[in-house]
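Protein chains: 2
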Amino acid sequence: MTIRYPNGKVFQASSNSPSKKTGPTLYGNRGMSLEDDLHDSNMYYLHQGIAVVHKKPTPIQIVDVHYPKRSAAVIKEAYFKQASTTDFNGVYKGRYIDFEAKETKNKTSFPLQNFHEHQIQHMRQVVKQNGICFVILMFSLFNEVYLLPADKLFHYWDRKESGERKSITKQEVERDGYLIPQGYQPRIDYIKIIDTYY
Amino acid sequence: MTIRYPNGKVFQASSNSPSKKTGPTLYGNRGMSLEDDLHDSNMYYLHQGIAVVHKKPTPIQIVDVHYPKRSAAVIKEAYFKQASTTDFNGVYKGRYIDFEAKETKNKTSFPLQNFHEHQIQHMRQVVKQNGICFVILMFSLFNEVYLLPADKLFHYWDRKESGERKSITKQEVERDGYLIPQGYQPRIDYIKIIDTYY
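Line by line, the protein sequences give chains V and X.
Using numbering that gives the first Met the number 0, you'd call the opening residue of the first sequence number 0 and step up by one each time.
Using numbering that gives the first Met the number 0, you'd call the opening residue of the second sequence number 0 and step up by one each time.
For the record, the hints were derived by calculation from the structure and aren't laboratory data.
Only pairs whose alpha carbons sit at most 30 Å apart, straight line, appear in this in silico BS3-like list of lysine-lysine:
(1) X:Lys80 / V:Lys55
(2) V:Lys54 / X:Lys55
(3) X:Lys191 / V:Lys92
(4) V:Lys54 / X:Lys54
(5) V:Lys92 / X:Lys92
(6) V:Lys104 / V:Lys165
(7) X:Lys75 / V:Lys54
(8) X:Lys92 / V:Lys55
(9) V:Lys151 / V:Lys92
(10) X:Lys80 / V:Lys68
(11) X:Lys75 / V:Lys101
(12) V:Lys68 / X:Lys104
(13) V:Lys68 / X:Lys101
(14) V:Lys55 / X:Lys101
(15) V:Lys54 / X:Lys151
(16) V:Lys75 / X:Lys80
(17) X:Lys80 / V:Lys54
(18) X:Lys106 / X:Lys169
(19) X:Lys75 / V:Lys55
(20) X:Lys54 / V:Lys127
(21) X:Lys151 / X:Lys169
(22) V:Lys191 / X:Lys55
Quantities reported herein were computed from a predicted structural model and do not represent experimental measurements.
Please build the complete structure, drawing on both the sequences and the hints.
What follows is the structure, given as structure tokens:
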């Protein structure tokens, strides 16, 4: 049946109308990124007194700043800089925690180009200082999130550097990593894995 | 005696001529800030494998970014945000280290307005997680740099909050803090104090 507005225009249910929603809400449809979920998890850990972990600000090279009278300084020209460390760090029971989080839409492997040489170098320094260091890898099409300890990542990085494959297969991530439980609070409970593994 | 160039112009020794320098080079004349010295110290610790400590990037609120063809993204409008944590963190022998560094030109006291409520709150959370947390206070006119443990800072912060004095007297810093040795490498050897105190 065609429904018309008083002006004669045909009414059409919008594609985001609630009646159109079928089946369970999938991760990709929630409009939440891995980063948002990690932020929420970190805020949960913080407010529960479990751990203090923050994402570092994006490094920016400032070129030009204006100082208008009676108002805040305005940055007029600036550029994104490549991070020399990882994105997240903090403290859990006195121990230093350091990690990077990345997602892929690949089904069978995780591309190593998601990481930079400096980041790997930073992670090696952290491991030498006995910090808890890892990467969080998300296979978004499966809604699976893994914690892969840094020493395992180094193995695959070195394999790439030696001219072999440029990714970690999903089977390798499943074998060497730990599937992180997901829930409402915290969304991505990586501290649970740290308790078990470290 | 007046010296003249061949063209008749009078020669005058420039004010930054080496012959004008008298006495020992003072800290304030080196053109180095406390932040520069801490950066150098952190790089020394990093390259010697002693500790991994970095300054966090300045947090910035980006409003407008242009994406020119065939060149890097340009930030055209952005503002400085107030930091919600401290400036420096990292790892030393597996332990989490977290600190803020400030300098004053005052001779008799260190004003507490150098710190923000969020930073104090962050430091309290770090202390609860058993992290190594402190502030580095520089009295620049004396070229003295102190490490003051966070629990001591909280005492003076709470005194301010209760309506009493808004600063820590220099005597109090001398009594509750630790004078940090300064040298060529590292410039500000705060790790030495950590070894003793923590």
